[in-house]
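Protein chains: 4
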Amino acid sequence: MSAGIRVGVYGASGYAGQDLVELLRHHPHVSLVFATSDTYAGDAVAGTDLVYIPHEQADLSAVDAVFLALPHKASAPVAARALAHNVKVIDLSADFRLNTADAYQQWYGVEHPHPELLPVPYGLPEIHRDELSNLNLVAVPGCYPTTTLLGLYPLLKGDALAPQAPIIVDAKSGVSGAGRSPKPNTHFVEVFGNLAPYSAGRVHRHVGEMEQEIGKLMPDCGSLIFVPHLLPVDRGLMASIYVTLNGAITADDAQALYEETYANEPLVDVLPVGQQATLRHVVRKNNCAISLTPVSPQHLHITSVTDNLRKGAAGQAVQNFNLMFGFAETTALL
Amino acid sequence: MSAGIRVGVYGASGYAGQDLVELLRHHPHVSLVFATSDTYAGDAVAGTDLVYIPHEQADLSAVDAVFLALPHKASAPVAARALAHNVKVIDLSADFRLNTADAYQQWYGVEHPHPELLPVPYGLPEIHRDELSNLNLVAVPGCYPTTTLLGLYPLLKGDALAPQAPIIVDAKSGVSGAGRSPKPNTHFVEVFGNLAPYSAGRVHRHVGEMEQEIGKLMPDCGSLIFVPHLLPVDRGLMASIYVTLNGAITADDAQALYEETYANEPLVDVLPVGQQATLRHVVRKNNCAISLTPVSPQHLHITSVTDNLRKGAAGQAVQNFNLMFGFAETTALL
Amino acid sequence: MSAGIRVGVYGASGYAGQDLVELLRHHPHVSLVFATSDTYAGDAVAGTDLVYIPHEQADLSAVDAVFLALPHKASAPVAARALAHNVKVIDLSADFRLNTADAYQQWYGVEHPHPELLPVPYGLPEIHRDELSNLNLVAVPGCYPTTTLLGLYPLLKGDALAPQAPIIVDAKSGVSGAGRSPKPNTHFVEVFGNLAPYSAGRVHRHVGEMEQEIGKLMPDCGSLIFVPHLLPVDRGLMASIYVTLNGAITADDAQALYEETYANEPLVDVLPVGQQATLRHVVRKNNCAISLTPVSPQHLHITSVTDNLRKGAAGQAVQNFNLMFGFAETTALL
Amino acid sequence: MSAGIRVGVYGASGYAGQDLVELLRHHPHVSLVFATSDTYAGDAVAGTDLVYIPHEQADLSAVDAVFLALPHKASAPVAARALAHNVKVIDLSADFRLNTADAYQQWYGVEHPHPELLPVPYGLPEIHRDELSNLNLVAVPGCYPTTTLLGLYPLLKGDALAPQAPIIVDAKSGVSGAGRSPKPNTHFVEVFGNLAPYSAGRVHRHVGEMEQEIGKLMPDCGSLIFVPHLLPVDRGLMASIYVTLNGAITADDAQALYEETYANEPLVDVLPVGQQATLRHVVRKNNCAISLTPVSPQHLHITSVTDNLRKGAAGQAVQNFNLMFGFAETTALL
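Taken in order, these protein sequences are the chains called A, B, C and D. Quick note on numbering that gives the first Met the number 0: the first sequence kicks off at 0 and runs consecutively. Quick note on numbering that gives the first Met the number 0: the second sequence kicks off at 0 and runs consecutively. Quick note on numbering that gives the first Met the number 0: the third sequence kicks off at 0 and runs consecutively. Quick note on numbering that gives the first Met the number 0: the fourth sequence kicks off at 0 and runs consecutively.
Source of the hints: derived by calculation from the structure; they are not laboratory data. Glycine included, each C-beta is placed from N, C-alpha and C at the ideal position. Just so you know, not all the hints are guaranteed correct.
To be verified - Listed next, the in silico BS3-like pairs over lysine-lysine satisfying Cα-Cα at most 27 Å (straight line):
id: 1; chain 1: A; residue 1: K284; chain 2: D; residue 2: K284
id: 2; chain 1: B; residue 1: K182; chain 2: D; residue 2: K182
id: 3; chain 1: B; residue 1: K72; chain 2: B; residue 2: K215
id: 4; chain 1: C; residue 1: K215; chain 2: C; residue 2: K72
id: 5; chain 1: D; residue 1: K156; chain 2: D; residue 2: K215
id: 6; chain 1: B; residue 1: K284; chain 2: C; residue 2: K284
id: 7; chain 1: D; residue 1: K72; chain 2: D; residue 2: K182
id: 8; chain 1: C; residue 1: K156; chain 2: C; residue 2: K215
id: 9; chain 1: B; residue 1: K182; chain 2: D; residue 2: K72
id: 10; chain 1: D; residue 1: K72; chain 2: D; residue 2: K215
id: 11; chain 1: A; residue 1: K72; chain 2: A; residue 2: K215
id: 12; chain 1: B; residue 1: K72; chain 2: B; residue 2: K182
id: 13; chain 1: A; residue 1: K156; chain 2: A; residue 2: K215
id: 14; chain 1: C; residue 1: K182; chain 2: A; residue 2: K72
id: 15; chain 1: C; residue 1: K182; chain 2: C; residue 2: K72
id: 16; chain 1: A; residue 1: K182; chain 2: C; residue 2: K72
id: 17; chain 1: B; residue 1: K72; chain 2: D; residue 2: K182
id: 18; chain 1: A; residue 1: K182; chain 2: C; residue 2: K182
id: 19; chain 1: A; residue 1: K182; chain 2: A; residue 2: K72
id: 20; chain 1: B; residue 1: K156; chain 2: B; residue 2: K215
Said to hold, decoys possible - Stretch by stretch, here's where chain A covers chain C in the computed footprint (C-beta under 8 Å, at least three residues):
id: 21; region: 176-184
id: 22; region: 219-233
What the hints assert, rightly or not - Coverage of chain D stretches by chain C, computed from C-beta distances (three or more under 8 Å per stretch; other residues unrestricted):
id: 23; region: 224-230
id: 24; region: 293-300
Okay, chain A solo, but in the shape it has when bound (with noise of 0.2 Å):
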């Protein structure tokens, strides 16, 4: 590992932190310099011969790119800084998932700490890939926008959905996506035997990054009815997508357009006929699993399953920065 890209992590000992670390430190081109934590500073960093130091003692001059770890309002400041120094940037955070500042004010409540480096490019490779190479900022999707994005796409771009319909998403997600710091609702005792809603409705911050990327592909789209649950499992997410067909294609012959539309997408599998996705099929690993089931002529039921820390997070921050410094896009992913 001596030779390669030199990068560093910031917020490493976080979930999605640790996958990139895990992620990192198999990957042939890349050489681990150093991974931060404030809260962890000092303990090892498990797998490499580093231990966490806090951001702050972070040495922008000894890498080439960095990937942030870090909750939004804290990420755009470090961007800034290292792509003051020439260093790249893979950004995990909700800091420049939003086109605009005004955007991001409305669904995170605060002013935008760097207006000046928006827009960046949505980095979901399967939806955006011509724009994601040789950039010096990207911004990483969201979980359920990963996993829900993945699972419309191939009707959003075949112009097959009902026109002001709304979309209505109920996602489940792991425990790791509500972070490491211990809070009341991620006590073992409050989840064990649990399933719980949360944000129910249309207040989800990622429902405004899902409609920003669908508005996009299909203007006149209905509204996205989104209820994410904390489902009692430490990963894995699934968004279970019902949706209105236009009649340019039949629900039955959804499974022909996601075939071919993902037929050459190493990190999107789509099950055939009659399989049903689950979080087996991608926990721990770094693809997206769909299958379709057609639920009347007009009506199409669509499970979309990743490991939020994976393709939701960390596998998929790799991908950009595979197509961001010229790799193969899979690289450290298979």
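Go by the hints and put chains B, C and D onto chain A.
What follows is chains B, C and D alone, placed relative to chain A:
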């Protein structure tokens, strides 16, 4: 417990059967006479002085009522025999839930064993209480139908749903709903950390039962899109329901309608605005909990939860028993 | 519930406190007057018409008895105040379990807040029933001590253990034993799929309590080697005990000794030869279950299990309350 | 993968078999030729282009080596047939772990199918590496023996244990250790929230295997008291070991002995003083982790953990394969 109604339980070693025994042994007006199980015959029945006896050895002349927690098709002949002995029957199987032999043939793929007994009153007291007193035979609803129908009832009876608009039910059930016989899909290793849809669309047998009951309340209702999932918990069931309103009420008004409808129902809890129903509200209890979220002026999201073995099976069976014999409806259930 | 003993619960929002409220609200001779919680003050107390009030607002003149489910050191001052108001005290904290202020200083590292109240009777009725009636203050044993002592008692009182031979206790506890405050080690993601020893050897604070009680029954007993583990379940505690016999009885005779010792104990079940005690035998019940396996002529393996929140805390507290007030000992516990 | 050793896996659909396939498909010197399963014949083998074929259809002339993940008694005949075809055999069953046909008869209750092949080298490289190169047949140790023996080895070879003192092993295993065939005790509902001892004392079949290996290193060792438990996790195994030292070293010195013994072992991690080995250290990894706690001057507590499907089965099988063919021992295992 010496006095009271003399009761027998068929199929008492299954998960619903075990909960039945647990509830009945605390029932002040019940004397439990026998508990049958072909698989566990000879074993002690937990919490009682009984041992399981084979179905065939049960003495119908020794009881006033029987609960049948048997598989469909096996249950109807036992019911017929019990009725012939003037023994009242609370049937937890699917054999008497559908009103016609044709519907039974359609959804269960076999001829009805005792069509002359059809139709049988459908034992969902919150909807059909008037028809449930003084009966000799009652059909206890399925777990998914109970939870879904209670979640929809105020809208159905209030003429509030848009005609022909599909009703979407994304449902999740604990593994006890799949029965106690070991099967590959109930192996601990397969379920642990997983979430899996099954029988998606309109193929689950409970769809027929739900549409029958919905149709009585709203003949021009749209079709039911029903996707159940196997959840990595032992018990608990959530129906996440998405409906389109007809404008008679707004989504914001729905809360008042639900609170009013269930104001005097001791076993249905409508949660205050802003709280979401979770499995924790109902597991090992005999109630149904419901929460509402307006998601657009004309769309409403409803979360309805029960313990699949209690309000979804044994608890509701005892509720029907209480009605049948004129006891206070919630005896042994609070 | 209007009549009966007027009772208050301090620390009612913790896991033991919640179980206390659940047991007390079904107790036929109890009227629950207040439930305190500084953290959840203002929230509804599930299953009751009360809301949590801050500890300081509790009115001691309105009650006949209080249960203290408070942290050690915080509990003793409340106990002293209650006693001064002629209110009887059932204390679930560690403050009164050790008989001397010195021992308290040794194991808890702080000065005892009210040494003048020591010693206090140790509320393990199966061992100390004679000392437990008509008290004003009782110390409810810890969960590990209860389970371990009940598992050892017949051998200790029967003079059956080899002097100076160590007693090995490999213990496993559900996560509720670690309390409700969120901590890194109780985060769902950290516990899920894991098993972790902690406080191994002779450092866990319950060692002092266990050795004190063992020493009263067998002064020349060997030291206690105690290794607790955090188990990925919400509740339940298993003490796996390995002992060396002195030859007074053989391991094969032990079964008879245990059956005889506990023959009239409604809350201790000695399982038949060949059955192993599991968490399933005790979770959400108020009993202790014990199984024995002779593993050599002079070595015996004992599995003792309880629900750490019931016989290990709230259930045993109510058992002591019943003794204190002269009610049937198992009232509200079967 | 076109070049390299041509390998077949028998019993590839079981849990150990699945992990074998997963490891072998990433092995740079292996070409996976077939994977057998009578139960799942015709199904796709995840991550490969193969489908499972019935055992009988496997072509032994097409491979250089086979892994046998078959039940005991079924495995030996396949091994004999493979050897007759000059195919090397890595056997994961119990058929060749015991050195004599008598011992096999004693512990497995049946006649050994191929006594002429006994004794077979015992494939625990950290103890027997010298005997494991250039073999045609190797017996991969069981999961409990691997974990227990690695936890004891430094003391056994260092002559540090008190003669005749019993060795106590309180062990806990994830459910995959019970195999993939659905059985009542592996039903999700039975395991969830439970912990259950089984085969307590000296009756588990692995006791024979462990005592055989212990006896080679320390002929006057005391008997093994072994109590395994079924743990509500999918994978992971912990052996909690309690031993009596003979005074050659103190418990406090043990740490240095362990660190020295395993200094050059890439697949055994001795944790620093004060850290406890947990399942998290080993799950989905191919290592064993060990922590030590001195609990009295002459008693030591050892926690040894492995993934029962990796170092306890498939990982160790590949380690033996690497030794057999002269590859770096940890190829595909780090």
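Now the hints, each set against the structure:
no., hint, verdict
1, A/K284 / D/K284, "holds, 15 Å"
2, B/K182 / D/K182, "holds, 8 Å"
3, B/K72 / B/K215, "holds, 25 Å"
4, C/K215 / C/K72, "holds, 25 Å"
5, D/K156 / D/K215, "holds, 10 Å"
6, B/K284 / C/K284, "holds, 15 Å"
7, D/K72 / D/K182, "holds, 20 Å"
8, C/K156 / C/K215, "holds, 10 Å"
9, B/K182 / D/K72, "holds, 25 Å"
10, D/K72 / D/K215, "holds, 25 Å"
11, A/K72 / A/K215, "holds, 25 Å"
12, B/K72 / B/K182, "holds, 20 Å"
13, A/K156 / A/K215, "holds, 10 Å"
14, C/K182 / A/K72, "holds, 25 Å"
15, C/K182 / C/K72, "holds, 20 Å"
16, A/K182 / C/K72, "holds, 25 Å"
17, B/K72 / D/K182, "holds, 25 Å"
18, A/K182 / C/K182, "holds, 8 Å"
19, A/K182 / A/K72, "holds, 20 Å"
20, B/K156 / B/K215, "holds, 10 Å"
21, 176-184, "holds (count 4)"
22, 219-233, "holds (count 3)"
23, 224-230, "holds (count 4)"
24, 293-300, "holds (count 5)"
Violated hints are absent here; each numbered hint is respected by the structure.
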